[in-house]
Amino acid sequence: MSNLPLSRSEVFGELRKELHEDEEFHQSDAHVFIIMGASGDLAKKKIYPTLWWLFRDGLLPEQTHFVGFARSDLTVDAIRTACMPYLKVTDTEAERLSVFFSRNTYISGKYADETSFAKLHTHLLSLPGGADANRLFYLALPPTVYHDVTKNIKTQCMSTKGWNRVIVEKPFGRDLQSSEELSTHLSSLFTEEQIYRIDHYLGKEMVQNLMVLRFGNRIFGPIWNRDSVACVVLTFKEPFGTQGRGGYFDDFGIIRDVMQNHLLQMLSLVAMEKPASTSSDDVRDEKVKVLKCIAPVTMSDVVLGQYVGDPEGEGDAKLGYLDDTTVPKGSTQATFASAVLYVHNERWDGVPFILRCGKALNERKAEVRLQFTDVPGDIFGNQCRRNELVVRVQPNEAVYAKMMSKKPGVYFSPEETELDLTYKSRYKDVKLPDAYERLILDVFCGSQMHFVRSDELREAWRIFTPLLHQIEKEKPKPIPYKYGSRGPTEADDLAKRVGFRYEGTYRWVNPHRL
Amino acid sequence: MIPQMCLFMYQAAQRMSTEALNRSEVFGQLRRELYGDQPSSQYKAHIFIILGASGDLAKKKIYPTLWWLFRDGLLPDETYFVGFARSILTVQDLKTAFCSLCFPKVTDEDSECLSTFFSKNSYLSGRYDDGSSFAQLNTHLSSLPGGADANRLFYLALPPTVYHDVTTNIRGHCMSQRGWNRVIVEKPFGRDLQTSQELSAHLSSLFTEDQIYRIDHYLGKEMVQNLMVLRFGNRIFGPIWNRTSVACVVLTFKEPFGTQGRGGYFDDFGIIRDVMQNHLLQMLCLVAMEKPASTDPDDVRDEKVKVLKCVAPVTASDVVLGQYVGDPEGEGQAKLGYLDDPTVPEGSCTPTFATAVLYVRNERWDGVPFVLRCGKALNERKAEVRLQFTDVPGNIFVERCQRNELVVRVQPNEAIYLKMMTKRPGVYFSPEETELDLTYRSRYKNVKLPDAYERLILDVFCGNQMHFVRSDELREAWRIFTPLLHQIEEQKTHPIPYTYGSRGPNEADELVKRVGFRYEGTYKWVKPHTT
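If you read the protein sequences in the order shown, they are chains A and B.
Each residue of the first sequence is one higher than the last, beginning at 1 in the numbering used here.
Each residue of the second sequence is one higher than the last, beginning at 1 in the numbering used here.
Please keep in mind that the hints were generated in silico from the structure rather than gathered at the bench.
Keep in mind that the hints are not guaranteed to be accurate.
Facing chain B, from chain A, some residues (calculated, C-beta under 8 Å) [as the list claims (entries may be wrong)]:
| no. | residue |
| --- | --- |
| 1 | Asn387 |
| 2 | Val430 |
| 3 | Leu432 |
| 4 | Leu441 |
Bear in mind the structure is a predicted one, so any value in this text is a computation, not a measurement.
For glycine and all other residues, C-beta sits at the position ideal for the given N, C-alpha and C.
Work out the full structure: start from the sequences and follow the hints.
What follows is the structure in structure tokens.
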């Protein structure tokens, strides 16, 4: 996306070329995007807005129609009204928005009811080009109805001439067994190429960049291994708590919510070998291979925490997790977790991968950090700090290498500085698409690279299930930490124990305008 | 303790940017840093003697540098400055000349300090070949406050013709008996291996190596000094700094102007002696050397010499020579070619541009071309070190990835940046070029980078020889270039003409390409902005 404005068809042409190299992509084909659970929160806040943005920016095929399906008796106008606060429509886009909603229809029906789906199917056929259209089913639904809905889609709603793709949201089960049951069910209905499991972290700019950074740069090749890397830290931090929505969260906890999916996906991308090609399955083959080399996490390598209110804080910060009225009394659910994993293969043997995530912490941040080993044979009197390569996923996308440079001026001593690539400084006019935008585009283009394959999912659950079961059985009390803090100090101790060195000497300096 | 890191400089430079330290604090630090717990001679006075005080170098560079150091409180308390030259001058004359030449101009608030500075100055005239003139100088030095015990620094801002006499006379008449003596020498250090060896032999008959400070002012530059820290302070560079990962190294020095009527001196030397054999080769050493046993100056210079010993003499087939011609469409000076400079001998074959490829035949660098490029009247002003890394083996991206490059820009606008590939931002998954950047004036807003001469003169005070050229380095440098220089002079090789303001002869680019540097022309620097 340079400064040259591209026409819609050019943009889409480029994308098609990139995503769909060999296969002929039929731009002229009609597509129908079906939102199952159109009345729900996810649809309202995320799916409809994303579809609107893609439509507005001309990134969808010309002939695309949108069909909502849910139990409520709704109209397109009602959906439009419900979505409006999330669409970010400017004055000049009013007309375009009308066109978008003119492509929308809504059908109400029951998820367990075949005839409702038969009715949906009839409606789909009635749309322009409908009999030939490709169909994308987005399951914005609670897991309780997954089983019925997918079965009914399969038996009632499959396009016979176009392709069918099903987009599934987490939770994908709650442990290895339940996840496997879901996978078995899905694979009895659809082929793996039809299933698109969303982990929206895979749609983030910097997560997608990991592969290019690693495999497009010669300089990283020789240092991306156990000889040079002291440890890898994968971090996800949120500065707020459950804010009255702890009911859902309490059922899952931070490990299922963040660690087992987002952080583990990032780990795979950092640790995997170079794939044979950038084809989706070659990449996912390598990711699975990494996971296969990871033993289940043990309790001794884990620190769990639960936030308590900060009496000196303001507003929500005064409230602890247990003060959330939707959280069951005395819940021992973790809102913070730090776990150390080891990838037992030739490249990574002995290198700790530290996964850290939590709510109600001191900042919002998601990042990948490789800390390199000390310089062997130091000649600068132990003044050198370890090099670190940091890929900041959010907020403020950036790549930077913490490194030593001569202290500027009349000295000859090393001091910490960084080689920096901050996106908003370097790429002024580039709008980074939202993760969902990318991922939905990928589904249109048939690119599964950024979706979770069933064997990845299985391995991810294998790694965390014993720990999760143990926690649920023994109900260990999570360590309390204050709202707005760094989390339990025990987590820092754990990181230190396995080899991460935190000096606290480094300070980011925002390069300033001349 | 790192002996060459004078803590007093650290403190004083802190002072420059932020807080004030008084001078005695600064020097307390200095003494501890330099002499540890030993009670020392640091309470002695220092005398800085400028030989050739009436000359251009003294007026334009040495006096201003001494003034800056004095103003910023970086010199020992009791330091006196003595000028010596043939002309009959007064300190007032020196001050007048100084005020008209010094840039930036002395501010009003500094005028009192300037008066103090000149009150510490004195001047003697005498003949360079006259022993009694130097005896007189010695009497004067001894007569200064604390002069009998003072340490003496002799700066030879002189043409090479009088080096021999002056050094003999310093040795014969002017050496401090109780303090130390250090002699600072400027290039040219001879014009080939033989003459340089003669000069070295002469100097070493008079002074010990640790008394001799040969200036190559490139060694005083921020980014050149940074090379060692970058290389040996960062774990990430260790595994890639070798023939396995580096495709080639390019060392560049470009000037955007010609000789501008001062070609007479230049013509006698040419660009190879003027830039390549010293500045570029010094940078090569710092890029190529093994990690020294310590940051002790001699440990460092041992490693630099070792690199040079592994470099075979350059052969003419690995060299492209050029001479600029006027650009008829240019403006002002650009219309004039080298031969249009009236001070240049008619029909001169002296190169104003040279590209040479050197190989360091050791285990780390075997087969990696080190391309040295320098020239006058080119398209830009630039000095930089560029490591180009090899292609990614087994590329998996549809579009080829451009090679990574690590660039250390010495001047102008000091910077380090790493050209690398990133995912093309947005909905794409293809690689595109970008950079990890450290631009000094963005990152270090309030840091004043001292001039090369300031650093180097301070080093002489501190007795730190790391950034000075040792005699064996010099010998090896001449060994590498002397056969080529002799061949050029014997055969009167005609340099290839290139237009004023151009990139230099195309043949140079072809040579560089032939040995393995890849120039894609696809990369564009984007100035980062703040939002």
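Each hint, compared with the structure:
Because the smallest distance between the Cβ of Asn387 (chain A) and any Cβ of chain B comes to about 5 Å, under 8 Å, the interface hint for this residue holds. Interface hint status for Val430 (chain A): upheld, as the beta-carbon distance to the closest one in chain B is roughly 5 Å, under 8 Å. Hint on Leu432 (chain A) holds. Least Cβ distance to chain B is approximately 6 Å, under the 8 Å limit. Because the closest C-beta pair between Leu441 (chain A) and chain B is about 6 Å apart, less than 8 Å, the hint holds.
In the structure shown, no violation is registered for any of the earlier numbered hints.
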